[in-house]
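Trainee: Whole structure, please, built from the sequences with the hints as guidance.
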Amino acid sequence: MSPKEIIIQARKLHDEGRYNDAIQLLLPLQNISPKLEEHQYISISYSYYCLNDFRQSFYYAELVSSKNKSNEFASQLKYFCLVDENKIDEALSEVVNFLNEFPANLYKITLEELLVDVNENRIQGEFAAKILLLANKNNVINQVNLNSIDKDRLN
12 MSPKEIIIQA RKLHDEGRYN DAIQLLLPLQ NISPKLEEHQ YISISYSYYC
62 LNDFRQSFYY AELVSSKNKS NEFASQLKYF CLVDENKIDE ALSEVVNFLN
112 EFPANLYKIT LEELLVDVNE NRIQGEFAAK ILLLANKNNV INQVNLNSID
162 KDRLN
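Okay, so the sequence shown: first residue is 12 according to my numbering, each after it adds one.
Rather than coming from a laboratory, the hints here were simulated on the basis of the structure. Treat the hints loosely; a few may be bogus.
[What the hints assert, rightly or not] Here are the simulated DSBU-like pairs of lysine-lysine, each with C-alpha atoms no more than 35 Å apart in a straight line:
hint: 1; residue 1: Lys119; residue 2: Lys15
hint: 2; residue 1: Lys148; residue 2: Lys78
hint: 3; residue 1: Lys141; residue 2: Lys98
hint: 4; residue 1: Lys46; residue 2: Lys141
hint: 5; residue 1: Lys46; residue 2: Lys15
hint: 6; residue 1: Lys78; residue 2: Lys119
hint: 7; residue 1: Lys80; residue 2: Lys23
[Stated by the list, open to error] Just the calculated beta-carbon pair ranges, DEER-fashion:
hint: 8; residue 1: Ser77; residue 2: Pro39; range: 33 to 41 Å
hint: 9; residue 1: Glu101; residue 2: Ala140; range: 12 to 20 Å
hint: 10; residue 1: Asn132; residue 2: Asp95; range: 29 to 37 Å
hint: 11; residue 1: Lys23; residue 2: Leu117; range: 15 to 23 Å
hint: 12; residue 1: Asn132; residue 2: Tyr70; range: 27 to 35 Å
hint: 13; residue 1: Asp64; residue 2: Glu27; range: 12 to 20 Å
hint: 14; residue 1: Leu117; residue 2: Arg29; range: 31 to 39 Å
hint: 15; residue 1: Ser13; residue 2: Lys148; range: 38 to 46 Å
hint: 16; residue 1: Asn147; residue 2: Ser77; range: 25 to 33 Å
hint: 17; residue 1: Asn153; residue 2: Asp100; range: 24 to 32 Å
Glycine residues also receive a C-beta, built at the ideal position from the N, C-alpha and C atoms.
Mentor: Rendered as structure tokens:
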């Protein structure tokens with residue numbers, strides 16, 4: 012099989028919940044184009060995440076981020092790994108750092124969820140202010156019913 016066919020096969024294995032099989036199929040790939048390597052590492056990261064191996068998942072997502080800072084899926088995988096490891100400040104930093112440079116696509120739902128946390132005072136202070144600004148910048152602010160105090164912070 013060609014590297015592209017292997018990556019497609021790994022996606023099928025994901026769909027079947029066969030994450031270990033996907034990892035075993037993808038790990039041997041070498042000397043492939045940068046774009047295919049990015050897909051390879053994202054797929055491996057996703058597989059490890061689904062297996063609750065957050066350290067390995069983060070590692071492969073970071074390999075992608077280090078070469079392509081605009082890869083939102085890699086950033087989001089890192090965010091989810093950090094949340095699942097209860098490293099909340101680091102997770103919020105990952106979201107904020109990514110969205111300071113790039114627009115939200117996948118992160119729009121995450122921003123909506125974070126806005127609810129801000130609105131219910133589970134996130135406060137500097138992170139809350141940054142989330143409000145980033146949500147506003149990415150046209151997510153109107154998706155969530157914010158209390159008047161938080162709306163005042165945007166002005």
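Trainee: Each hint: holds or not?
Mentor: Each hint, compared with the structure:
1. Lys119 with Lys15: 29 Å, holds
2. Lys148 with Lys78: 26 Å, holds
3. Lys141 with Lys98: Holds: lysine 141 and lysine 98 sit about 18 Å apart, inside 35 Å.
4. Lys46 with Lys141: 32 Å, holds
5. Lys46 with Lys15: 10 Å, holds
6. Lys78 with Lys119: 23 Å, holds
7. Lys80 with Lys23: Distance ~27 Å between lysine 80 and lysine 23 Cα, so the pair holds.
8. Ser77 with Pro39: 33 to 41 Å: The hinted range 33 to 41 Å is violated for serine 77 and proline 39, with Cβ atoms some 21 Å apart.
9. Glu101 with Ala140: 12 to 20 Å: 18 Å, holds
10. Asn132 with Asp95: 29 to 37 Å: 23 Å, violated
11. Lys23 with Leu117: 15 to 23 Å: 22 Å, holds
12. Asn132 with Tyr70: 27 to 35 Å: 34 Å, holds
13. Asp64 with Glu27: 12 to 20 Å: Because 19 Å falls inside the window, the suggested range holds.
14. Leu117 with Arg29: 31 to 39 Å: 24 Å, violated
15. Ser13 with Lys148: 38 to 46 Å: Between serine 13 and lysine 148, where Cβ atoms are some 41 Å apart, the hint holds.
16. Asn147 with Ser77: 25 to 33 Å: Given about 29 Å between the Cβ atoms, the range holds.
17. Asn153 with Asp100: 24 to 32 Å: 27 Å, holds
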